[in-house]
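Colleague: So the protein lines, in turn, are chains A and B.
Quick note on numbering: our numbering labels position 18 of the first sequence as 18, and the sequence is numbered without any gaps.
Quick note on numbering: our numbering labels position 26 of the second sequence as 26, and the sequence is numbered without any gaps.
Note that these hints are calculated values from the structure, not bench results.
Ideal Cβ placement from N, Cα and C applies to all residues, glycine included.
Wrong hints could be hidden among the right ones.
Across the chosen pairs, the derived CB separations fall in these ranges [stated by the list, open to error]:
{"no.": "1", "chain 1": "A", "residue 1": "Leu-43", "chain 2": "B", "residue 2": "Val-73", "range": "38 to 44 Å"}
{"no.": "2", "chain 1": "B", "residue 1": "Ala-120", "chain 2": "A", "residue 2": "Gly-48", "range": "24 to 30 Å"}
{"no.": "3", "chain 1": "A", "residue 1": "Arg-71", "chain 2": "B", "residue 2": "Gly-112", "range": "26 to 32 Å"}
{"no.": "4", "chain 1": "A", "residue 1": "Glu-4", "chain 2": "B", "residue 2": "Arg-29", "range": "54 to 60 Å"}
{"no.": "5", "chain 1": "B", "residue 1": "Gly-17", "chain 2": "A", "residue 2": "Asn-93", "range": "25 to 31 Å"}
{"no.": "6", "chain 1": "B", "residue 1": "Ala-120", "chain 2": "A", "residue 2": "Asp-80", "range": "37 to 43 Å"}
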Amino acid sequence: MSGEARASVELAVEHEHGLHLRPAADFVRLAARYRAGVRVVNLTRGGGREANARSLLELTALGIDSGHRIRLTASGEDADEAVRALADLVRSNFQAG
Amino acid sequence: MSVGLVLVSHSARLAEGLHELLEQLAQDRVPIALAAGGPDGTLGTNALAIAEAAGALAGAGEVVVLVDLGSAVLSAEMALEQLEPALRERVRLADAPFVEGAVAAVVEASLGSDAAAVLAAAEAARGQGKLS
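Construct all of the structure, not just a fragment, from the sequences and the given hints.
Modeller: Below you can see the structure in the form of structure tokens.
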């Protein structure tokens, strides 16, 4: 309803290689389907550095390994949907992308 | 209109390796052509080969050209001058790192973005550090 909608979720990345190149590319493509801007933080390593979910290079620079926890934060009208879809992709071990 | 990528490298094997990586990321969504190496496996770039690769892709859409080192820029520019104007206007030369630029470009192109967006994604890779 409002452009100020925000949504956030924290979850662990279980994929054996973490968020490496190919799953990250699927993640970027899914993020691009939503109007909301989505930021990703590696909570386990990197001192809270953020990446734009639409940038493969920023995402891979977060060094997200198997077992690391991440936070997804979306802002924009479809923030809820964006966070849910991206979290589902991560939880599915990137099978759905 | 889809955006295709041309990989221009002094080394055929360097371009082939990058091509392999990009195919994993793009999953057949992005046309990619190579113009790399000199005759008989030597190192070098060839304006005619670049023109052929870019012209072939430009027949079907827009094109972003990525080069490995600055000295390939001259060959790429010569190649673009050889294209017919109707094809030439669809081709953009990226001022971007070869690997990171191509990776960013192929992901952006796989989203169906136009050449301006693909070029911007490639060139934004210039400012992206590898360590923090």
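Colleague: The structure should be examined with respect to each hint, and the outcome stated for every one.
Modeller: A quick look at each hint next to the structure:
no. : hint                               : verdict
1   : Leu-43(A) / Val-73(B): 38 to 44 Å  : holds (42 Å)
2   : Ala-120(B) / Gly-48(A): 24 to 30 Å : holds (27 Å)
3   : Arg-71(A) / Gly-112(B): 26 to 32 Å : holds (29 Å)
4   : Glu-4(A) / Arg-29(B): 54 to 60 Å   : violated (33 Å)
5   : Gly-17(B) / Asn-93(A): 25 to 31 Å  : holds (27 Å)
6   : Ala-120(B) / Asp-80(A): 37 to 43 Å : violated (29 Å)
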